[in-house]
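Order-wise, the sequence lines are chains A and B.
Numbering follows the numbering used here, in which position 1 of the first sequence is assigned residue number 12; successive positions increment by one, without gaps.
Numbering follows the numbering used here, in which position 84 of the second sequence is assigned residue number 192; successive positions increment by one, without gaps.
For the record, the hints were derived by calculation from the structure and aren't laboratory data.
Ideal Cβ placement from N, Cα and C applies to all residues, glycine included.
It cannot be assumed that every hint is accurate.
Far from chain A, some chain B residues (derived; all Cβ distances over 12 Å) [claimed, not checked]:
1. L119
2. T122
3. T128
4. G136
5. Q145
6. G166
7. P170
8. E183
9. A188
10. L189
11. L196
12. V223
13. T224
To spell it out: a stretch of chain A is covered by chain B in this simulated footprint if at least three of its residues, at any positions, have a beta carbon under 8 Å from a beta carbon of chain B; those stretches are [stated by the list, open to error]:
14. 26-34
15. 81-94
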Amino acid sequence: AQSVTQPDIHITVSEGASLELRCNYSYGATPYLFWYVQSPGQGLQLLLKYFSGDTLVQGIKGFEAEFKRSQSSFNLRKPSVHWSDAAEYFCAVGGTDTDKLIFGTGTRLQVFP
Amino acid sequence: ETGVTQSPTHLIKTRGQQVTLRCSSQSGHNTVSWYQQALGQGPQFIFQYYREEENGRGNFPPRFSGLQFPNYSSELNVNALELDDSALYLCASSWGIGAARGKEQYFGPGTRLTVT
Numbered sequence: 012a013q014s015v016t017q018p019d020i021h022i023t024v025s026e027g028a029s030l031e032l033r034c035n036y037s038y039g040a041t042p043y044l045f046w047y048v049q050s051p052g053q054g055l056q057l058l059l060k061y062f063s064g065d066t067l068v069q070g071i072k073g074f075e076a077e078f079k080r081s082q083s084s085f086n087l088r089k090p091s092v093h094w095s096d097a098a099e100y101f102c103a104v105g106g107t108d109t110d111k112l113i114f115g116t117g118t119r120l121q122v123f124p
Numbered sequence: 109e110t111g112v113t114q115s116p117t118h119l120i121k122t123r124g125q126q127v128t129l130r131c132s133s134q135s136g137h138n139t140v141s142w143y144q145q146a147l148g149q150g151p152q153f154i155f156q157y158y159r160e161e162e163n164g165r166g167n168f169p170p171r172f173s174g175l176q177f178p179n180y181s182s183e184l185n186v187n188a189l190e191l192d193d194s195a196l197y198l199c200a201s202s203w204g205i206g207a208a209r210g211k212e213q214y215f216g217p218g219t220r221l222t223v224t
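I would like the entire structure built from these sequences, with the hints used as guidance.
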């Protein structure tokens, strides 16, 4: 079955600290992987996406993610977190055999000054 | 360039009632997808409309239905509301099908539906 697991429900970091949000997926075909961010009262904003090629993907707002096929993972990273990064982060998977995105349950990021 | 807009922002309905949610797609986009996001959950795909035709549906009962108009705006209708229908309903637009294959979807802010 196709699924996305985000094992961390809530993460708290200090401003300036590094960040890694975990995402594991289960997908039978070639996966397309996405990270979205959702701020309170806002819709989802695409941070980055992976389709093929270089397994390290750069996104907006200084985020990057690395696709590791052997581990079925697509973890999101940022070297130095800003207070404005506090939000809910969702990992999603899609593929060539479907036009729908399957989302994880999200990780809530809290940033302390 | 106008982004995706949704109306209303918030809505309270009683169990058994019917509701219509509206979405205006981003300028130039001809595909609209609807998602349901329950509290503490990720969005779940309801269905997608492409050029006024349903193009894919998630695991939702037939009482969830939709329309897309010639200007590519869209409606989501839910009949016989149940308490579990309480959620944030998100609309996303894109140019062409293939949202999960690369065509970026742009999400609206959502409509918060509460069923009492």
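Can we trust that A188/B is non-interface, i.e. its beta-carbon lies farther than 12 Å from all of chain A?
-> About 24 Å separates A188/B from the closest Cβ of chain A, which puts it past 12 Å; holds.
12 Å Cβ clearance of L196/B from chain A | violated (9 Å)
Is it correct that the beta-carbon of V223/B has no partner in chain A closer than or equal to 12 Å?
-> Per Cβ check, V223/B is outside 12 Å of chain A; nearest 20 Å; holds.
Hey, is L189/B genuinely clear of chain A, shortest beta carbon separation above 12 Å?
-> holds (23 Å)
Can we confirm that no CB of chain A comes within 12 Å of the CB of P170/B?
-> Fine: 18 Å to the nearest Cβ keeps P170/B off the interface.
Examine each Cβ of chain A, and state whether all of them lie more than 12 Å from the Cβ of T122/B.
-> Non-interface label stands for T122/B: nearest chain A Cβ at 25 Å, farther than 12 Å.
Claimed coverage, the region 81-94 of chain A by chain B - three or more beta carbons nearer than 8 Å = It is violated: at least three residues are needed, and the region 81-94 of chain A offers just 0 whose Cβ sits closer than 8 Å to chain B.
No chain A beta carbon within 12 Å of G166/B's | violated (6 Å)
Within 8 Å of chain B's CB atoms, at least three CB atoms from the region 26-34 of chain A: coverage verdict | violated (count 0)
Would you check whether the claim that T224/B is not at the interface survives, using Cβ distances to chain A and the 12 Å cut-off?
-> holds (22 Å)
For Q145/B, which was marked as not at the interface, is the minimum beta-carbon distance to chain A over 12 Å?
-> violated (8 Å)
Is it correct that the beta-carbon of E183/B has no partner in chain A closer than or equal to 12 Å?
-> At about 18 Å from chain A, E183/B clears the 12 Å cut-off, so the statement holds.
Checked against the numbered hints given earlier, this structure breaks hints 5, 6, 11, 14, 15; the rest are met.
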